[in-house]
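Taken in sequence, the protein lines are chains A and B.
The first sequence begins at 1 in my numbering and counts up by one.
The second sequence begins at 1 in my numbering and counts up by one.
Just so you know, the hints here were simulated from the structure itself, not pulled from any lab data.
The beta carbon of each residue, even a glycine, is placed where N, CA and C say it ideally should be.
Take these hints with a grain of salt, some might be off.
[To be verified] Using C-beta positions, here's what the derived DEER-type ranges look like:
no., chain 1, residue 1, chain 2, residue 2, range
1, B, L159, A, I156, 32 to 42 Å
2, A, R79, B, V537, 55 to 65 Å
3, A, W121, B, G334, 41 to 51 Å
4, A, W124, B, V537, 32 to 42 Å
5, A, L81, B, E516, 52 to 62 Å
6, B, L545, A, A136, 45 to 55 Å
7, A, G206, B, G232, 57 to 67 Å
8, A, E105, B, I450, 27 to 37 Å
9, B, N431, A, A136, 23 to 33 Å
10, B, Q502, A, W121, 22 to 32 Å
11, B, L196, A, G159, 32 to 42 Å
[To be verified] Which chain B residues stay away from chain A? Per the calculated CB distances, all over 12 Å, these:
no., residue
12, R81
13, S188
14, F348
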Amino acid sequence: MLLVATVCWIWLPDLSLANLLESARPAGISRNQAAAWSQMVVPDEALSHHHEVHQIAGLVAFCTALAGFLLATIMYGWRKLDASEARQQFEPIYQFFKKKWWFDELYHVLFFQPTHSIARWFSWIDRSLLDGLIHAIAAGVRSISRTWDALADRGIVDGSINYFANRTYALGLLLRRVQTGRLRQYVMFIALGTVVLFIVIGLLRGYSFAQLP
Amino acid sequence: MYTATEPSALGWIPSLIVFLPALGALLLALFPSRSDQAMRIFTLAITIAVFVTMGMFLLGDTGHGLTFRVDEPGMQDVYVRPWIPSFNIQYFMGIDGISFPLLILTGFVSVLAMGASWSIQKHVKAYCILFLLLETGMLGVFMALDFFLFYVFWEVMLLPMYFLIGVWGGPRREYAAIKFFLYTLLGSVLMLIAILMLYFQSDVRELHNTRPDLVAKLSLPADVVAAASEPGPALHTFNIQALAAMGQHTQLFHKSILWEGWTLQHWAFVLLFIGFAVKVPSVPVHTWLPDAHVEAPTPISMILAGVLLKMGGYGILRICYPICPLGGFDFAYGVCLVGVISMVYGAFAAMAQQDFKRLVAYSSVSHMGYVVLGLGVWSAAIAHGNPDLVTPSYWNQGIQGAMFQMIAHGISSAGMFFMVGVIYDRVHHRNLDQFGGLFGKMPLYTGLAIPIFFAGLGLPGLCGFIGEVFVVLAVWKFSQVLAVISAFVVILTAGYILWALQRVYLGPEYKGPHPEALTPMNLREASIAVPLVVFAVLFGIMPTLVLRYMDKSISHQARQLTAWAVAHDAAKGATEGSAEATADISWHSVPELTTDPVERDAVFPVARRIRDATRASGP
Numbered sequence: 001m002l003l004v005a006t007v008c009w010i011w012l013p014d015l016s017l018a019n020l021l022e023s024a025r026p027a028g029i030s031r032n033q034a035a036a037w038s039q040m041v042v043p044d045e046a047l048s049h050h051h052e053v054h055q056i057a058g059l060v061a062f063c064t065a066l067a068g069f070l071l072a073t074i075m076y077g078w079r080k081l082d083a084s085e086a087r088q089q090f091e092p093i094y095q096f097f098k099k100k101w102w103f104d105e106l107y108h109v110l111f112f113q114p115t116h117s118i119a120r121w122f123s124w125i126d127r128s129l130l131d132g133l134i135h136a137i138a139a140g141v142r143s144i145s146r147t148w149d150a151l152a153d154r155g156i157v158d159g160s161i162n163y164f165a166n167r168t169y170a171l172g173l174l175l176r177r178v179q180t181g182r183l184r185q186y187v188m189f190i191a192l193g194t195v196v197l198f199i200v201i202g203l204l205r206g207y208s209f210a211q212l213p
Numbered sequence: 001m002y003t004a005t006e007p008s009a010l011g012w013i014p015s016l017i018v019f020l021p022a023l024g025a026l027l028l029a030l031f032p033s034r035s036d037q038a039m040r041i042f043t044l045a046i047t048i049a050v051f052v053t054m055g056m057f058l059l060g061d062t063g064h065g066l067t068f069r070v071d072e073p074g075m076q077d078v079y080v081r082p083w084i085p086s087f088n089i090q091y092f093m094g095i096d097g098i099s100f101p102l103l104i105l106t107g108f109v110s111v112l113a114m115g116a117s118w119s120i121q122k123h124v125k126a127y128c129i130l131f132l133l134l135e136t137g138m139l140g141v142f143m144a145l146d147f148f149l150f151y152v153f154w155e156v157m158l159l160p161m162y163f164l165i166g167v168w169g170g171p172r173r174e175y176a177a178i179k180f181f182l183y184t185l186l187g188s189v190l191m192l193i194a195i196l197m198l199y200f201q202s203d204v205r206e207l208h209n210t211r212p213d214l215v216a217k218l219s220l221p222a223d224v225v226a227a228a229s230e231p232g233p234a235l236h237t238f239n240i241q242a243l244a245a246m247g248q249h250t251q252l253f254h255k256s257i258l259w260e261g262w263t264l265q266h267w268a269f270v271l272l273f274i275g276f277a278v279k280v281p282s283v284p285v286h287t288w289l290p291d292a293h294v295e296a297p298t299p300i301s302m303i304l305a306g307v308l309l310k311m312g313g314y315g316i317l318r319i320c321y322p323i324c325p326l327g328g329f330d331f332a333y334g335v336c337l338v339g340v341i342s343m344v345y346g347a348f349a350a351m352a353q354q355d356f357k358r359l360v361a362y363s364s365v366s367h368m369g370y371v372v373l374g375l376g377v378w379s380a381a382i383a384h385g386n387p388d389l390v391t392p393s394y395w396n397q398g399i400q401g402a403m404f405q406m407i408a409h410g411i412s413s414a415g416m417f418f419m420v421g422v423i424y425d426r427v428h429h430r431n432l433d434q435f436g437g438l439f440g441k442m443p444l445y446t447g448l449a450i451p452i453f454f455a456g457l458g459l460p461g462l463c464g465f466i467g468e469v470f471v472v473l474a475v476w477k478f479s480q481v482l483a484v485i486s487a488f489v490v491i492l493t494a495g496y497i498l499w500a501l502q503r504v505y506l507g508p509e510y511k512g513p514h515p516e517a518l519t520p521m522n523l524r525e526a527s528i529a530v531p532l533v534v535f536a537v538l539f540g541i542m543p544t545l546v547l548r549y550m551d552k553s554i555s556h557q558a559r560q561l562t563a564w565a566v567a568h569d570a571a572k573g574a575t576e577g578s579a580e581a582t583a584d585i586s587w588h589s590v591p592e593l594t595t596d597p598v599e600r601d602a603v604f605p606v607a608r609r610i611r612d613a614t615r616a617s618g619p
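With the rest of the complex left out, here is chain A (with noise of 0.2 Å):
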């Protein structure tokens, strides 16, 4: 509808919808619409209506029924011409009055097809664009979550527990081999170990037990 008024208003200017919406003001006020291209005057509305055009104008307008109707009495009356005949040799001037000026197939182009293309686009963009991004954001997100969860929590924070619980286990097996059922060993081990102990304790409390704390 915008669409065929702008090229109503910008293109044609002087056949322009606001021309034609002047000339129906009251006498006076507007002005006659000459035509750059044909050097045509189309008088405003309210001039139509001065004796002078006023008569002329009648005239040609009753004298135009009286054509049709004649016409009509001299086809279908004495007929003297064939309807069918006269069809056949202005066919296209008969088609035009048959498709009713061809109005419905302008409304179609102008207003039905350019409504319905813009509809779909709409359609298309919230389908399509809207809801594309939208996915897109979605499988992003869903991404980054899959690679967090690869790095960090697998990689990082399991990683690190794993690697202390393997270092564990590992030196569990290294102290397995201090057992080794040998009996001088262990006697050996409880004799360097007091030695150790005391070392240790002379160290810490200055070679002397008899030292209050």
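With chain A held as given, fit chain B onto it using these hints.
Quick look at chain B alone, frame taken from chain A:
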């Protein structure tokens, strides 16, 4: 905004009626699992009880104090109790002219939606419990006046909706449910950021310095009011009335953040507006709506379209504009543009749909665009030909049109979704190209559906017209281009709705699957449709039935914000007013706009200063 009077003896009823559905949900847990019919009837009884209690307020003064005073612009039936005192959070509920029609609408649509829920067959107990919890959330949002409480109730609605769509919905229900949930949650998170920004910047002491008379009228806790008169650290509050007073009368929210000219108010307005715009829904954050509506079961669609969408508009009106008037003033054209784009976009997109319910969903997007547009037209006019008198008459008209459109759309949209649901229950498809000839097979149904769809179209004489025409008239003063586009959208709306009616109801025969299932409407369905048709016609020919409740509160708010704008312009030293928002106003003075003597005296000094300044400097 202020609290009107001391609460009456029965003033606790409206705020505690919020929890009646929750209590019903609790009692439903005691029902045996297989007693489907008993549970449905019990739930229906609860919803009717809520609606009747709300409706009693309409009857006028019955001598018990249980009435809604239409001539009172402030908050009525206030219920205030301290909730989390260490953060100054109160359980603060109240009703005024803006929330009361929406509360009635909530009760009404809930009753009808429960009536439409008889076709739900699986997990009826869970459905009814979630339905009642949803109703609690909806009622709470409209009554909450503490920002924290408002946010809690806002979020309470999300979870029942997620399950209601995700369990009882159509083929793509999980996708639609999670999309709805995350989308609205994103908006809510932005709202939360704004809440925290405003909370930590608020200071009741500063308000006491500028307007000590107001501090007593905002229902703040007594110890806060007492402490406000003494110096000390900042006293933060979540109280919406207090925040509004701070936004309008103090410089607390005028701190520039990130770059010059963008104050905290601007940021808060933008964040809050986006949060509410997701809910409205406005383009471009509207894409959750078609999927949620299409996949939701019929009664949930009715509630979603009839009530939940209105919360976005209610939030913009109640929170965005009073608390952040500077943001609203500067972004007025942006808000209106968002509204107009929603209108045009929704109408065009509706025309391209082949799914009946999706078409109605996009029509909701389009109609809610009128609401946003009506709320945004910050324009006033010179009254009585006297350039010293400025009245916000156009903005008032716009807001009233927006509020009426909310009520009218609640009725017409709930009706449209119900009508689609009636045929979907029978033939299990919604393909517009495979309908036709329903007028012959289901005459009563068609006869009731056509007025409802015409109400959605905005036919004069039906409820949809009043809101549209007020909004379009109000926009003319604000921006003529937007007004022309808004009027043009009416043609598009007529186009897609009439085309849909032609394809579905008219025509010689039904060209789709299950033609034998097209039985006439039964009594239950008719009893849901008839009230909708009645109200659609009634509100169309007597809009004052709705407008009389909201008139005083809306006028009061528009006047308050206009007075703020005058003071704001005076402070900026501008005498020609802001370019884009005020077409032919000269912001000179605003006498006789308020009946509140304190407000008038507060405005007069400003007015006199402007008058003297302009007279001294010449015309």
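Verification of the hints:
1. Distance hint check for B/L159 and A/I156: the Cβ-Cβ separation is about 34 Å, which falls inside the suggested range of 32 to 42 Å.
2. For the hinted restraint 55 to 65 Å between A/R79 and B/V537, the CB-CB distance of approximately 59 Å keeps it satisfied.
3. Evaluation of the 41 to 51 Å hint for A/W121 and B/G334 yields a failure: the beta carbon distance comes to about 24 Å.
4. Hint check: A/W124 to B/V537, Cβ distance near 38 Å, so the stated range 32 to 42 Å holds.
5. Remark: the range hint 52 to 62 Å for A/L81 to B/E516 is upheld by a beta-carbon distance near 59 Å.
6. Take B/L545 and A/A136: their Cβ atoms lie about 48 Å apart, and the range 45 to 55 Å holds.
7. Between A/G206 and B/G232 the CB atoms are about 60 Å apart, so this pair conforms to the stated range of 57 to 67 Å.
8. Under the hint 27 to 37 Å, the C-beta atoms of A/E105 and B/I450, about 30 Å apart, fit the expected range.
9. At about 29 Å, the beta-carbon gap between B/N431 and A/A136 stays in the expected band of 23 to 33 Å.
10. A hinted range of 22 to 32 Å holds for the C-beta pair B/Q502 and A/W121, which are about 23 Å apart.
11. Distance hint check for B/L196 and A/G159: the Cβ-Cβ separation is about 37 Å, which falls inside the suggested range of 32 to 42 Å.
12. Non-interface call for B/R81 relative to chain A: holds, since the shortest CB-CB distance, roughly 41 Å, exceeds 12 Å.
13. For B/S188, the shortest C-beta to C-beta distance to chain A comes to about 17 Å, beyond the 12 Å cut-off, and the non-interface label holds.
14. With a cut of 12 Å on Cβ distances, B/F348 falls inside the contact zone with chain A, its closest approach being about 4 Å.
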